[in-house]
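*Asks:* Respectively, the protein sequence lines represent chains A and B.
Mapping to my numbering: the first sequence position 168 is 168, numbers consecutive.
In my numbering, each number is its position in the second sequence, counted from 1, plus 1000.
Hints are computed from structural coordinates only; laboratory data are not their basis.
Since this is a predicted model, take the numbers as computed values, not measurements.
Every residue, glycine too, gets a C-beta built ideally from N, C-alpha and C.
Hints should not be assumed to be uniformly reliable.
[As the list claims (entries may be wrong)] Sample of chain B residues facing chain A (criterion: CB under 10 Å; computed from the structure):
#1 I1014
#2 M1016
#3 R1018
#4 M1060
#5 T1087
#6 I1097
#7 G1100
#8 P1108
#9 N1116
[To be verified] Some chain B residues flagged as far from chain A (calculated, every beta-carbon gap over 10 Å):
#10 D1012
#11 M1045
#12 D1076
[As the list claims (entries may be wrong)] Calculated pairs, DSBU-like style, for lysine-lysine (alpha carbon to alpha carbon, straight line, at most 35 Å):
#13 A:K216 / A:K63
#14 B:K1070 / A:K248
#15 B:K1120 / A:K154
#16 A:K154 / B:K1047
#17 A:K248 / B:K1021
#18 B:K1063 / A:K216
Next come the chains, spelled out residue by residue.
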Amino acid sequence: MFSQYFGNYLLTNGLITIEQLKDVMIIQKSVHIKIGILAVNSGLLTALQVEEIHGLQTRMDKKFGEIAVQRNYITVNDLEKILSEQQNANLMLGQALMDRGYMTLGQIEDALNNYKRDYELTDIQLKAIQNGDIDEIVDTFIKFDKVKDVNTYKEYVSLFTRNVIRFIEEDIRIESFEVKNKYLSNYMMVQNIYGETNLFTGIDAKEDVFLKFASKFSGEEITEINELSIESFGEFLNLHNGIFTVNKSNEGVELELTPQTLMQFEETPELFEGVGITFFLPYGEVNLIISNSKL
Amino acid sequence: MSEILKVLICDDSILMRRKLKESIELCCDFAEITEAKNGQMAVDMYKEVMPDLVFMDIVMPVKDGIEAVKEIKLFDSEARVVMASSTGTQLNLRKAIEAGAYEFVQKPWEQSTIENIVNKLISERM
C-alpha cells in the first residue's frame, strides 16, 4: 500500500514520469508476496490452514497473522519473521526505481525525507505506514475536519479500508475529497446505520468500475448492470456495515441497518458532516461517502 | 420427515441466496430448495411449502426477518428458522431468540456451520 502513496508522491512532484511509475509498479507488484504463501513456503502453515484462516477473516476484523497466532498455528516470533520477509518485498519499489535508472539512492532518500516533511510524519509514523498500518494511513491521509464524532468515523473508514483490501484489492490508495451538502451519484449503493449513532453510508462508482468491483466480490465475471451486479456491489457494503455493527455491539453500542438501495445518477439527501474518501483501485475509483444522518 | 429435505431460503440478495443454496446442496443432495426475497414472501411461502428448515436474513425490505419469524412461529410453533445475517449484534441475537429462532448464523458463513445445522435437524427428526 505504501508504494502506491510514495509512487504517487514521486509522480506529482515531477520526480518520475507516469510511464516510469507504471513500469516500476508492475515490477514491484510481481514480487509482492502474501503472508499465507510466505508461511506455507517456510513450512509454518499448511495450505489447509491458510484456507481456514482466509475463511475466518471474512467474519472477523483481524489480520491473517493475528488469527494464525490465536489458533496456535504459529508463534509471535514466527509471525515477526514472516512480516519482516514481506516488508523486504515492499522495498522492491525503491530497488526497481534504482535498477531502471529512474532515480539514485540519494534521490530516493531525499524524496522520502521530503515526504515525511510534507505530511508531517515522524519516523515511527512513516514506518507504520510502510508496514501497512491502516489506522495510521487513515489518520494521515483522511480529513475529518467537519466531523464531531471523529473516533466513530475513523473506526468506520479503517474497517472499510481493511475490508476492501481483504475482499477486493490489496494494492490501493485512499484520499479524502470534499463533500458538499449533497453528492451526485453514478451507481451508488446506500445504506443507513441507525440507533445510538446515525450514519448515512454509500459507495459509488462509474459503470465499468462498478462491474469490476461486483465481479471481484461475487467471484463471478459480471459484464452488465443487472440484479446480480447491483446486489454484489450492495452486499459488500452490507457485509462491511454488518461487521461494523457487530464491533460496535461488542463495545456496548447497539446499531441496526436499513436495507441497501441503489441510487443512479441522483443526488443524495442532504449530508451533514459529510466525509468523502476515494479508493484508488488498479482499474478505477470507488468513492465512499459517510455522513451524519437525520434518520 | 419425508425423504426430501425441504428448505426455504429468504434473503433480499440474489447473491446470498445463490451462495446459501450452493452450501446446502454441498451437504445435502436430497434438499428441495425454494427461495423468497423478503419477509412477507417468506411467510406466504412457508404456509404453502411447509419446509423442514428455513434460512432467514434479517435486514430486508417489505418485512424484516425478525417479524417474519414471529409470524411463521405463530402459524407453526414447530418451525425451524435459522437467522442468517451480517448483523450478529447482541440486540439482533436477543430479538432472534425472543422470536423463536432455531439458530443464528453470522454471514458470511463457513460451510461446516451449514452442515452442522442440517445434520442437527436431520438427527432431531429421526
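*Asks:* Between K154 (chain A) and K1047 (chain B), is the straight-line Cα distance small enough, at 35 Å or below?
*Replies:* violated, 46 Å
*Asks:* Hint R1018 (chain B) vs chain A: min CB-CB distance below 10 Å?
*Replies:* holds, 8 Å
*Asks:* Taking the shortest Cβ-to-Cβ distance between M1045 (chain B) and chain A, state whether it exceeds 10 Å.
*Replies:* holds, 19 Å
*Asks:* Minimum Cβ distance from G1100 (chain B) to chain A below 10 Å?
*Replies:* With a closest approach of 20 Å, the G1100 (chain B) hint is violated.
*Asks:* Holds or violated: is the Cβ of T1087 (chain B) closer than 10 Å to a Cβ in chain A?
*Replies:* Since the shortest Cβ distance to chain A is 5 Å, the answer is holds.
*Asks:* For the hint on I1014 (chain B), just tell me whether its beta-carbon gets within less than 10 Å of chain A.
*Replies:* holds, 5 Å
*Asks:* For the pair supplied as a hint, K1070 (chain B) and K248 (chain A), is the alpha-carbon distance within the 35 Å limit?
*Replies:* holds, 26 Å
*Asks:* Are K248 (chain A) and K1021 (chain B) close enough, with their CA atoms no more than 35 Å apart?
*Replies:* This hinted pair holds, its Cα atoms lying about 30 Å apart.
*Asks:* Holds or violated: K1063 (chain B) and K216 (chain A), Cα atoms, limit 35 Å.
*Replies:* holds, 30 Å
*Asks:* Would you check whether M1060 (chain B) satisfies its interface hint, that is, whether its CB is within less than 10 Å of any CB in chain A?
*Replies:* With a minimum Cβ separation of about 6 Å from chain A (threshold 10 Å), the hint on M1060 (chain B) holds.
*Asks:* Within 35 Å, alpha carbon to alpha carbon, are K216 (chain A) and K63 (chain A)?
*Replies:* Status holds; Cα separation ~20 Å.
*Asks:* Under the criterion of a CB-CB separation shorter than 10 Å, is P1108 (chain B) in contact with chain A as hinted?
*Replies:* At 5 Å from the nearest chain A Cβ, P1108 (chain B) passes the 10 Å test, so the hint holds.
Hints 6, 7, 9, 10, 15 and 16 from the earlier list are contradicted by this structure; the remaining hints agree with it.
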